[in-house]
Amino acid sequence: MIRELVINVFAPFVGTVAYVILFNVPRRYYISCGITGTVGWLVYQFTLTAVSASTASFFAALAAVFLSRMLTVRMKCPITIFLLAGIIPLVPGAGIYYTAYYLVTNQLAAAGQRGLESVKVAFGIVLGIAFVVSIPREVFQIHYWRGRKRRKRLKDINQM
Amino acid sequence: MEICRITENKRDYMDMLLLADPQEDMIERYLDEGEMFELSENGDVLTVCVVVRMKNRSCELKNIATAEAYQGRGYGKYMIRYICEHYSGSCDTMYVGTGNSEGTLAFYKKCGFINSHIVEDFFVKNYKKPIFEEGKQLTDMIYLKKQLDLEIDVKKVADLALEAGRILLKNGGEIFRVEETMKRICRRFHIEQVDVFTMSHAIFISAQSESGEDYCKVKHVPLSASHLGIVAEVNDLSREISAGHVGVEEAFAKLEIIDRIPPKKGAFQVLAAGTGSGVFAMLLGSSVPESIVSFGIGCLIYVWVLIAKKGKLSKIIVNIVGGVIMTLLAILAMHIPGLKMLRLEGMIIGAIMPLIPGVAFVNAIRDISDSDFLSGTVRMIDALLVFVYIAIGVGVTLAAYNNLIGGLAV
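Respectively, the protein sequence lines represent chains V and E. Residue numbering for the first sequence follows our numbering, beginning at 216 and increasing consecutively. Residue numbering for the second sequence follows our numbering, beginning at 613 and increasing consecutively.
Just chain V, same shape as in the assembly:
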């Protein structure tokens, strides 16, 4: 139980932070990056019990990107930082290795299967990101909702 907890919460957190360091992300974003990565991974693990790997990575990307956009608005910084953190635990690194390995050992059927699986996972991530990124930016800003109320009120007053 404790081992599972460490592996599924601590490991993605540390791994994500370590990875974003390679891209020179400023120190003040480390914790939020770690959280984004962890959330993505947890959603992936959770949904994996019910659906295939590619669908699971779609949902994981969806959750991670949604969190990224909220963090971006809150911390006023480019979203790339959090997107990077969110997808990195999901990237099919193992799939690439196995594809190369099967290709070399001449197990073409297995290579094709592995390769396609990795591509499917990548597509899941792409779709997840594209979905959330396409939501207009204003929705994630607090004063959009406040402003909407105000505009509505003005409209009501004008109609009266």
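Read the hints as simulated data drawn from the structure, not as lab findings. Yeah, the Cβ is synthetic: ideal placement off N, Cα and C, and Gly gets one too. One should not assume that every hint holds.
Unchecked claim - Each pair of labels, with its calculated beta carbon distance range:
hint	chain 1	residue 1	chain 2	residue 2	range
1	E	E636	V	R242	51 to 59 Å
2	V	K291	E	I743	43 to 51 Å
3	V	T264	E	R685	55 to 63 Å
4	V	K291	E	L986	37 to 45 Å
5	V	F346	E	S823	42 to 50 Å
6	E	R617	V	T264	52 to 60 Å
7	E	S670	V	I350	44 to 52 Å
Claimed, not checked - These stretches of chain V come out as covered by chain E in the derived footprint (C-beta under 8 Å, 3 or more residues):
hint	region
8	222-229
9	254-268
10	302-310
11	314-322
12	343-353
Please arrange chain E on chain V, whose structure you already have, making use of the hints.
Structure of chain E alone, referenced to chain V:
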């Protein structure tokens, strides 16, 4: 804090306009032909003003009002500075008419206005009720004026925008961000006619001043390593610029400093790469000893990446050799006596992590979802090829190993 022009529903702001001009039909006289601006913060409107363009390259500030709770905090002054800059391209003189009250006159004089002329009994003739301010009845309208020198040079602003765009693109900003930042900078300095076209390797900008002068420039931006810290800094700077806290010269100086922000220390990066490798190996189901070996391989791989970066080697070589190195090291570790239980894939799937082109991948997706297929596909190919190179490196080494040992079970 941002200022924007209001073109519709100007009458929604009547409450605020009445603060400065107490009679509604007087406001109606200029409201439709006048250009209206609002200064808002977090959705609250703090200051509004109305300017009317007149003959002979002059304009008149008809009304400026700040919400009562926010008066005396410099918002009005800020607004006046903004409209002075805004009209400096198309007008030479700005007039403002006001009653004979000392506070108001002192305010305009602080903003750089000087006395112009007086219209006698203006307030008595045009207003139904007598107006009292500071205990005195207002009678004459006192006009003040300000010379609007051309404060903005199109070339300089376009150069500033281009420099900001170049730094963003070079360090891994999305196309969308590059273009928006450049446009935002131009708009802040009142250059409305501006077009930006950005690709993964180049930026084109063309700007037109209000006098019809055109300026065009192209900048080639070679692909290089991502530095998201710099992207975040430029983003902050662009926010400051559009809020009006930073002038052109100051912005240039700041960009130069930002451009020289060094990457994180080599040793730190190597350690981070190792940690990432070890932890991700564990995450993907490797045993603890495998993860530890993965940590070592990750460190060494990144040492190679840093060396290659210094020598400006091409991506093909960096990644293929990277793949070879990690496979060789993993095979080596497998042959250390007493470590027989290590699996090759357990070590390699972690060690791949530092080579994965995360930023290129993320940016490609962002560009494609913004319908910028040109830059998106270029960056996607850039990212996918890295995977192919790694696979080639790993594959070649494995093949050679299998042939040498005679297909020993891996």
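For each hint, the structure was consulted:
The given range of 51 to 59 Å is respected by E636 of chain E and R242 of chain V, whose C-beta atoms sit roughly 56 Å from each other. The hinted window of 43 to 51 Å between K291 of chain V and I743 of chain E holds, with their beta carbons roughly 44 Å apart. For T264 of chain V and R685 of chain E, the Cβ-Cβ distance of about 57 Å falls inside the hinted range of 55 to 63 Å, so the restraint holds. For the pair K291 of chain V and L986 of chain E, the supplied restraint of 37 to 45 Å is violated, since their beta-carbon distance comes to about 29 Å.
For F346 of chain V and S823 of chain E, the hinted distance range of 42 to 50 Å is satisfied, since their beta carbons lie about 46 Å from each other. Range check, R617 of chain E to T264 of chain V: about 54 Å between beta-carbon atoms, so the 52 to 60 Å window is met. The hinted range of 44 to 52 Å is satisfied by S670 of chain E and I350 of chain V, whose Cβ atoms lie roughly 46 Å apart. Under the rule that three or more residues need a Cβ within less than 8 Å of chain E, the assignment of the region 222-229 of chain V holds, with 4 such residues.
Proximity of the region 254-268 of chain V to chain E, defined as three or more residues with a beta carbon under 8 Å from a beta carbon of that chain, is not established by the 1 residues found. Coverage of the region 302-310 of chain V by chain E holds [criterion: at least 3 residues with CB-CB distance below 8 Å; count 6]. Given as covered by chain E, the region 314-322 of chain V passes the check, having 6 residues with a CB less than 8 Å from a CB of that chain where 3 are the minimum. Note: the region 343-353 of chain V has 4 residues with beta-carbon separation from chain E under 8 Å; the three-residue rule is met and the coverage holds.
When the structure is compared with the earlier hints, violations turn up for hints 4 and 9 and for no others.
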